Each structure stands twice: as structure tokens, then as C-alpha cells.
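Participant: Please construct the entire structure, taking both the sequences and the accompanying hints into account.
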Amino acid sequence: MSDNASRTATAHVHGHSEENYLECAHGWKSWAFTLDHKRIGVMYLVAILASFLLGGVMALVLRAELFTPNKLFLSEDMYNQMFTLHGAVMTFLFLIPSIPAALGNFILPVMLGVKDVAFPRMNLASFYLWVFGAIFFLLAILLGGLDTGWTFYTPYSTTTNTAVITATLGVFILGFSSIFTGLNFMVTINTMRPAGMTWFRMPLFLWSLYATSIIQILATPVLGITGLLLVAERALGIGIFDPARGGDPVLFQHFFWFYSHPAVYIMILPAMGVVSELVSTFSRKTIFGYRFIAYSSIAIALLGFLVWGHHMFVSGQSALAATVFSALTFTVSIPSAIKVFNWLSTMYKGAISLETPMCYALSFIFLFGIGGLTGLYLGALATDVHLHDTYFVVAHFHYVMVGGTLIAFLGGLHYWWPKMFGRMYNETWARVACLIIFVGFNATFFPQFVLGSRGMPRRYARYDGEFIFFHQFSTTGAMILGCGLVLCAGVLVHSLLRGRKAPANPWGGSTLEWKCSSPPPHHNFDWPPVVTEPYQYDHIVYDPEHQGYVEVEDIPEEDEVTGVPVESHT
Amino acid sequence: MSTTTAPPPEAAPPEHSGGGNDDHGHGHDHGHDPFLAHHFGSAKQQFDAGKFGMWLFLVTEILFFSGLFCAYAVYRSTHPEAFANADQYLDPMLGAANTAVLIFSSLTMAWAVRAAQLGQQQLLVRLLTITLSCASIFLGVKAVEYSHKWDLGILWSSMFNPQLHAHHSPALLVMSIPAMLAVVATAILFGLGKSKQKPVQAKFWGCLLITSAAYFGGVGLGLVVPIIEGAITGETAVEVAEHAAATEHAAVEHAAAENAAVKHAADHTADGAATTAATAGSVEAAAAEQVAIDMTYTGIFFSIYFVMTGLHGIHILAGMGVIAWLLYRSLLGHFGPRYFGPVDFVGLYWHLVDLIWIYLFPLLYLIG
Amino acid sequence: MDSHDSHEIAHVMPLKVLFSIFGLLIFFTILTVAIAELHLGRWEIIISMLIATTKASLVAVYFMHLRYDNPFNAMVFVFSLVFVALFLGFTLVDVEQYQPDLIPVEDPIATGS
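Chains as they are written, first to last, in this note's numbering: chain A, 1 to 570; chain B, 1001 to 1368; chain C, 2001 to 2113.
Derived from the structure by calculation, the hints contain no laboratory data. Be aware that a few hints might be false.
Claimed, not checked - Dumping the calculated SDA-like pairs for lysine to any residue here, alpha-carbon to alpha-carbon at most 20 Å:
id, chain 1, residue 1, chain 2, residue 2
1, B, Lys1044, C, Glu2008
2, B, Lys1044, C, His2011
3, B, Lys1044, A, Asn190
4, B, Lys1044, C, Ala2074
5, B, Lys1044, C, Met2013
What the hints assert, rightly or not - Okay, the calculated bits of chain B under chain C, using three or more residues with CB under 8 Å as the criterion:
id, stretch
6, 1037-1050
7, 1069-1083
8, 1105-1118
9, 1197-1208
10, 1339-1351
11, 1356-1363
Everything numeric in this text was worked out from a predicted model, so none of it was measured. All C-beta atoms, glycine included, are put in the ideal place defined by N, C-alpha and C.
Facilitator: Right, dumping it as C-alpha cells:
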């Protein structure tokens, strides 16, 4: 079995000869009532990108206003509304659903090797719940807006005249959307893994989605009850959070942050999962420390529940609680650091190629590194007293949420774009966009660390003359970032119209989704695929005829003995 | 190494690859089972997935209610006297009756699952109807409790204003309007079903008629139990509550009078003598203030009481809706030894509703 | 070929077990009401919660089939209770710890009178 013929025998590509999921049915009803996880994922993608646009425009408005220390065009009240809505829209409508709902819904079943998620109708319901939640948000904007900050602290949120109830109900509905997605993923991974796919043969993206689902299930209901109690407080005056009725506003913060801290791990864990996939594929090397990364994902999910009080150090929380929460906060950084070390070790002595997804992955490692490290300053009690409610906090969370989640989302989007839509985009311009985004992002947010440590408070529409330079620098950066994102969007849209057809495996990925056609057929696989160890690249070689990678059968024993590299292709 | 050029021998041809609406597909390789969805490999896998999914949903419900238990724990630990004080407004016998009703409904629900597994369709229908009826009875008793509190002014914090005497309002009548409408509607639909000779419709609406009527059984139970209690203890529940309200009211007036007296003393006396008088007055004023604070926190107790029992009641209503859906499917003959998942999973939800009440009962009704 | 016997899919609960558990639950309900009449002060909450937990366990293990089910489901259930305990525990401790720091609403300094 050493002749060229057997070495170049390529593996079956599932769905190769039939209609893909986009073509198999037509008409708006085939989308509105679809049960196909891939179509649901695409609908989510469009929806969350629309929210990102809305939240992004709000951000640019805020930064524009802050170009000068005095009023440019926003009153203080309008400014309050703008940052509240920017935060709420970005957090609840974009960041939380982004990777799990838009990318995960599409990729999870295909990567797992199954036909669909466990509960396809619940999946569709989850999407429509997102839509209803978004409608409530839009209603809130129209019915008086929201000026409480995305954190809804009492007693201001129970007394202000803005549309708090409408917005809170929107958040409640969105919470259910999130819960249903997480529930679906957990059941799918637990009960539908194909033969041979043991827990430790699952790709790490699936581990990260599983860990995320744990958080979604445990934490989101607490947000639900918090929102419900807030509505009852406003509508009925139940007095639980209102000091005038004997209530306790710090209790509200405990309730709120019990969800909202784990929520940030809902945002970052899938992002880390994406990065694990990208780093391995584009280093053409097995991921280093697979089990460590898998266990770290679960550890982050669980430890994330123990640290919520670090948002409340100056709220009136007791010294005992503050100390305990601060100490626990330091432990959460350990699994994150383990992941970074493992990614770097994967790249070491790998065959690194800097395609667009890899550019985003590298950006992530750098930016998340900064974001994570600056979190430690905020976790330490003494420094937090100085930095709390300043721009330092704003910079920190934008580094992890934008530099982390958004960058990884874009990386995943560029990685799986050919799979989802069957088109290749222009590599050069996509990389230029990535560079502009990277530069613009750092220009926007790095100065904010300086601003914060020098005392610039957050959520302020006006500021002292001493801060002018850094604010103007930041605003300029924001405009650059906006341009980069627009270019990125343009490149992707252009690919849909003019991009060349994508092969099944353009990047040489080793996970199961690359074994079916791009785009996949309706049922994903012609028969249940055979599962092996993940992240093995030996038998995946580049085929110039397909302009993509193909899986080669049966590497002859002799080659392994003599050590002749197998990557040589015809 | 993976050998994927040829399909494995036992693989089936690909299923219909059209459209998105494949609800439960008719998979060629799954025999003729109409209830096995196309993406599951076997009935067992589908059942296990559904069960696990329902347990995860129950976890979310537990965490949802945990916020309320947390609020309860916080306020009880910081103001235990106020909570003990609040207990006099609640009738443990009514709470115990409701507990027994829900436990019985859990029995009939678990029995219904067994009936579905054994293909005992008629028994299944009857047990689901009894479960629904128990839920109705529970709501009937709750309506009596709620309307009574309304009459006494015992509501959530902002509206907490205990009255000396219960003023008789149509609150119970108003709360019973939905049930009355349900009785009328189901009776009409039952009649229609019978006359048009549609046995499934008739049976379905007949069962729901029984369910709606059971609400009034609950109301009756809620009215009768305190009377029986009163006969035993020599004081009716109304009188107990009124007595409590009177004590509360008197305490409030006393506190108000004390505050006024202290203020008066402060306004009209000069130094020296005024200070001693004021100090003596302020000790009493502090006690009066304490009573006022207790009132505030008793009001908070009732806020928590109404939110907890109200949210629990909403879950009962939702459960009733889903069980009614099960009832309809049972009448259509969907459930049997090969397929009983939905009955099992809804049963789990119903048991959770019972579980939550098992904790609510002692925490709210049995403090004093 | 799938077996179509329900026993293959899940355990069927014997009627005797169902009725016995029901009986026990009613017994514990009566017990908890009776004990509440005794007014045992601090012990009341502990005893009533113990009885409630016993009842809850009976419902979970038998009515909800946990005894005969995939043990993972029971683990998931218990696991969630750990998080509830965490939430209540940390919050309660903090609330109790900062009580001394609270300024009463009626305080003239706070109300400005």
C-alpha cells in the first residue's frame, strides 16, 4: 500500500453532491419556521450584528461628545441615556448571544458530528425570544429611554422617570433566550455525542460552549428574579430595595452581580474556545495541554460564581465580604492564564500561517492579556478604592469584552465564514481591516487606563481641561476602530456577492465540520462520521486542485518508519 | 486513522433533505415510530435527552426562586421580630390544607406517568384531570386567603395598612371571575362537542369543566376550614386576624402619640427640665419607633409573601396549561409504552412546583 | 431494532411505593404543623427546614424518579442547590456584617430634619 494512488486517495466529503442548507428550501416561511440549526444560526448572526451596529453608533456618539470638555451636542440627561443604552444593547443584545448563538448554533452540531441540536423547536423559540427582547428594548428607547446605567442600581432605577420597566422586561425575555440556548447545548453535548466522541475527544470549542451553558443555566435565572423584583418595586412599591420602605439597595447589587459577574464569563469562555481552534489550525499543531484547557474552562465557569462582590467594594459591603471576594477574585485569573500559556505553547514550533482568523487570534491573546491583567488591579481592594467608577474600569472591561470577545468573534466569523456561506473573502483586505481594528481599538482604550488612574470618572458627560488630550486621542481611535469595522463588514459582504467558491476545508482544519461541504447539506452528514483524536493534522494535506485541504487516507507504514514527511502533495 | 471514503455498512440513505419544517421526521431507519425525531438515534436517546433537558430547566427554576428565598432569609435574619409578628395574619391550617392538596396532586401526577408507561389511557386521562382539579382547589384556597387579606388591608409594603375590622369587599368575587368564565366556557364547549359527536373534544372540555368547577371547591374549603378551626379554638380566623390588626393599629397609634408628645415637649419647654423630660420621652419614643420599624418590616414580609406565593401561583397556572395540553394528547392516544416522555417531563415540573410549596409553607406560615 | 417496551426506556414506579411516599408526606406535613404549635424558639426554623428537606427528598427521589434514573440528573439537581447555598450564604453573611454600619432612615442627619 505504498503507491501514490492510495496516498492521494481523498476522504469522502459529506453533502458534496447535493443541495446545501441555503438552497434546499426557499421563501420567507422556510426561514421563519425553520428548525435547521444552521439557518437559526444565520438569523441570529444577522440579528446580533444589527444590534452591534446600533450599540456601536451609540458608542461613536458618546466618544464624539467627549471630544470637548463642555457640551458639544448632548445634554447630560441625553448622555446618561446614551451610555446606558450602549451598555445594555451591547451586553444583552450582542455580547451574550454572539458566539454561542450565532456561531455556536451553526457549528456545534456539525463539529459534534450530529444532525441538529437536541431541541430544534426550543432553538427557534430561543431566537424569537431574542427578537421579542430586542423589541422591548427598542420600545424602551421610544417610550422615554433609560438612564440608570446598564446596571440598574436602586434606588435611582426605582424612582427615575425613564422606561425602566419596559427595558427590564426586555432583559427578562432575553434571559430566557440565553437559558434555552445553554440548555440545548448542554443536552446535545451530554446525550447526542456520536460513537467514538468521548468527552476528551471533543474539540475545545465545544468544551467552552458547555462551560458557558453551565453558567447560562445557573446564573441567568437570578437576573430574571432581580428584574422581576425591580419591576414589582417600581409598579407596586414592595419595598425590598427602597430604603424609604425599609429596603436595602445593597441587596439589589448582590442580586444583580450574582448574575452579571458570571455573565462576563458567558462572554469570554466561547471566545477562548474559538481561539483554541484558531491557534491549533493555524499552527498546524495539536493543541498543547488539551485537558488543561478543558478543565480550565469548567474551572472558570465555577469560580466565576464566587467573586461577584468585587463589583461592590465601595457600595457599603462589609469588610469581611470584601476581603473574601478579593481573595477569590485572584483565583479566577489562574485558569485564564493557563489557557494563554497553552496557546503560546501550541504556537511554539508550529507551522504558523497568518491568515485572517489567525491575525484575530493573535490580537485576542495580546488584548485579552492586557484586559485580564488590569482586572487584577481592580480585584485588589486598596487600588480598587482609587480606580472604582473611573475610566480605568471602562478600559479594563472594553479590553476583555471588545479586545477579547469581539475580536474572537470576528476571528471565528472569518474562520467559519467559508463553511457557513460557501465563499472565500479577500484575504488582503480582511487582514488590513484586522490591523485597522487593532490599531483603532488600542488608540481608543489604552488612553482610558491613563485617564482613569488620573481620576477621570466614568459616566460623566463633562470633564476637566487636564483630560482633554487623552479624550481626544480616544475619540480619534474610536473613529479609526469604526472604520476598521466597516471595512471588515464590507469585505465579508463583498465575498457573498463576488467571493470564489469555498472548498470543504480551506484552512486545513481537523475538526468534523471541515468534513462536509461548504456550505453543509441540510442534514450535515451523509452518515455518522468516524471520530478520532482531535487536532491531528498528519493526514490533512493541501490540494491545489481544490484550493483547499483534503483528508488523505491510510498513510503507509513505511513513511512513518523512515520519517519522510507526509505533507508532500501531488 | 479515519477511513471515510465508504459509508459504514449499516448506514441508512440520507433522509429527506428539503425544507426546514421537519418536526418529527419519518426516518426510514427508525421503523414506523411517528414520535421519534429525526435527529435522535433511538427512543431511549430521545427520552434521556428530554429528561436531562427538563432537569436543567428545573435547575433554572430553583435558581429563579432562590432570589426570593434569599430576600426572605436576609429580612428574617435582620428583623426576626417583625417576621414573627407577621405570622399572626396567616392561617396555618389553610396553608396545611393547600400543602396536602398539592402533595396529593403530585401523587396523581406520578401515577399518571405510570399509567402512560403502561398504556392505561383511561386512567391516565382521569389522573391528569384529578391533578388539574387539585391545582384548581389550591388556587381556590389561595383566592380566599388573598381576598381576606385585601379586606384587612394586609398587603405588600407600600399598601400595608392593617385595619381594625375586615371591610367586606367583593374581592373574592372579583378574583373568582376567571374561574366562573372558565366554567361557563368549558360547559358550552363540552355541550358543543357532545352535540357534534366529537368524542375527543367533548371529553377534553368535560375534564376542564370539572377542573374549573373544582376551583369553587377550593373556595369552599378555604371558607370552611377557618370556621371549623374557630369552632375548635373558640375564635374564628377573622376574629384572630382582626384582633391582631387591632393590636397592630393600637401600637401604631401609640407610637404616633408618643412621637407627637416628644415633639410637643421639645417645642414648649425650656432647657434643664426639658432635657430630663425629653430623655424620658425619648426612651418611650425609641420603643414607639421600634414598633414603627416592626410595622415597616412586617410590610416587607408581606411584600415577600405576595411575590413568593404570587410567583408560585403563576407557575401553578402555567403547569395547569401544560397538563391540559397533555390531557388533550392523551385523549388522542399519543402516549403509551413506546412514548411517554412528555408526561414524565411535565410531571417533573409539577413535582418541582410541589417542592417549592413544601418550603414556602413552613417559612411563611409556621414562623410564630 | 428499538425495543418498544417502556421498561427499556425508563423504570415504572410500583403503586405501593407511590402510595407509601404519599402517606409519609402527609405524615410529615402533620408533624411540622404540630411542632410549630410547640413554639421552640431558635430551633423552630432548623426543625421545620429539616422536615421540609425530608419531604423534598422523598418527592425528588421517588416521585421524580431520581433513584432509578441516570445518576447525572441527581448530581445536576444537587449541584444547583450548592449554588443556591452559595448565593444565600455569602449574601446573608455580608448583610449581617454591615448591619452595624447602617444609618436609620429616621435619623435626623440622614433625613436632614
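Participant: Each hint needs a verdict: does it hold in this structure or not?
Facilitator: Hint check:
| no. | hint | verdict |
| --- | --- | --- |
| 1 | B/Lys1044 to C/Glu2008 | holds (8 Å) |
| 2 | B/Lys1044 to C/His2011 | holds (12 Å) |
| 3 | B/Lys1044 to A/Asn190 | holds (14 Å) |
| 4 | B/Lys1044 to C/Ala2074 | holds (18 Å) |
| 5 | B/Lys1044 to C/Met2013 | holds (18 Å) |
| 6 | 1037-1050 | holds (count 5) |
| 7 | 1069-1083 | holds (count 6) |
| 8 | 1105-1118 | holds (count 9) |
| 9 | 1197-1208 | violated (count 0) |
| 10 | 1339-1351 | holds (count 5) |
| 11 | 1356-1363 | holds (count 5) |
In the structure shown, a violation is registered for the earlier hint numbered 9 alone.
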